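**Q** All chains, full assembly: derive it from the sequences and hints.
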Amino acid sequence: EPEVTQTPSHQVTQMGQEVILRCVPISNHLYFYWYRQILGQKVEFLVSFYNNEISEKSEIFDDQFSVERPDGSNFTLKIRSTKLEDSAMYFCASSDPVYSNQPQHFGDGTRLSIL
Amino acid sequence: GDSVTQMEGPVTLSEEAFLTINCTYTATGYPSLFWYVQYPGEGLQLLLKATKADDKGSNKGFEATYRKETTSFHLEKGSVQVSDSAVYFCALGRRDNAGNMLTFGGGTRLMVKP
Numbered sequence: 196e197p198e199v200t201q202t203p204s205h206q207v208t209q210m211g212q213e214v215i216l217r218c219v220p221i222s223n224h225l226y227f228y229w230y231r232q233i234l235g236q237k238v239e240f241l242v243s244f245y246n247n248e249i250s251e252k253s254e255i256f257d258d259q260f261s262v263e264r265p266d267g268s269n270f271t272l273k274i275r276s277t278k279l280e281d282s283a284m285y286f287c288a289s290s291d292p293v294y295s296n297q298p299q300h301f302g303d304g305t306r307l308s309i310l
Numbered sequence: 006g007d008s009v010t011q012m013e014g015p016v017t018l019s020e021e022a023f024l025t026i027n028c029t030y031t032a033t034g035y036p037s038l039f040w041y042v043q044y045p046g047e048g049l050q051l052l053l054k055a056t057k058a059d060d061k062g063s064n065k066g067f068e069a070t071y072r073k074e075t076t077s078f079h080l081e082k083g084s085v086q087v088s089d090s091a092v093y094f095c096a097l098g099r100r101d102n103a104g105n106m107l108t109f110g111g112g113t114r115l116m117v118k119p
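Respectively, the protein sequence lines represent chains A and B.
FYI, in my numbering the residues of the first sequence are 196 to 310.
FYI, in my numbering the residues of the second sequence are 6 to 119.
None of these hints come from the bench; they were simulated from the model.
Computed from a predicted model, the values in this text were never measured in an experiment.
A portion of the hints provided could be inaccurate.
Said to hold, decoys possible - As a list, the in silico DSSO-like pairs of lysine-lysine whose alpha-carbon atoms are at most 30 angstroms apart: (1) K73/B to K61/B; (2) K252/A to K237/A; (3) K118/B to K82/B; (4) K252/A to K82/B; (5) K278/A to K65/B; (6) K237/A to K65/B; (7) K252/A to K65/B.
As the list claims (entries may be wrong) - If you want the footprint, here are the derived chain A segments under chain B, 3+ residues with CB under 8 angstroms: (8) 229-241; (9) 299-310.
To be verified - Derived Cβ-Cβ restraints for the label pairs, each shown as a range: (10) G34/B to R275/A: 33 to 41 angstroms; (11) L51/B to H205/A: 34 to 42 angstroms; (12) Q212/A to K73/B: 43 to 51 angstroms; (13) E198/A to R114/B: 22 to 30 angstroms.
We treat Cβ as the ideally placed atom computed from N, Cα and C, and that holds for glycine.
**A** Encoded structure:
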């Protein structure tokens with residue numbers, strides 16, 4: 196069964212540094228998403244992306260965050276100047292464009308640790 | 006705004022016990038409802054879904070019925086196994102938005118003892 200893959204599985208970064216989290220969505224999916232889960236808390240929506248532009252974003256997704264589809268297969272989340280509170284598990288997801296209520300398929304996540 | 010409330014865990018059961026994890030939601034319009042499961046060290050996996058009122062989603066012995074009148078989507082299983090130990094997340098998705106953002110509940114940890 197096709198799956199969403201994320202790299203790296205664990206990223207350790209110094210506060211203030213830039214970090215890029217990478218995702219390869221399922222190949223025929225056209226909607227892409229990023230979520231985060233701070234340890235012990237609920238999964239929170241960050242951003243959705245369709246047709247090379249952001250379709251929706253949450254209050255969390257401020258100017259330090261950006262997303263990009265640099266080629267036909269990758270979908271990235273960049274955090275420009277990391278803060279301690281950015282430490283979390285970041286999940287990428289994708290969904291089929293045919294139905295707006297199709298479930299999203301999630302990757303295994305990247306654990307981001309800010310020191 | 007949209008919200009999902011789940012019963013707090015952990016829920017600890019013996020093998021073959023009956024499971025119920027309560028989930029209620031607040032949303033405008035007619036959302037789709039989902040249960041996701043997160044096994045230790047893994048990502049979120051779709052367990053089941055329901056897209057309209059009175060639909061019943063089912064998978065791997067788990068069931069949940071979309072109850073519009075009580076705005077609920079409780080997860081049930083008749084006989085749990087040790088391998089069902091995981092964190093379960095209830096979520097809703099708005100079908101009127103191309104991005105279809107999911108709103109998650111806080112998760113309920115299930116521990117099944119042999």
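**Q** Which of the stated hints cannot be reconciled with the structure, identified by number in ascending sequence?
**A** Checked against the structure, the hints that fail are numbers 4, 5, 7 and 11, while the rest are satisfied.
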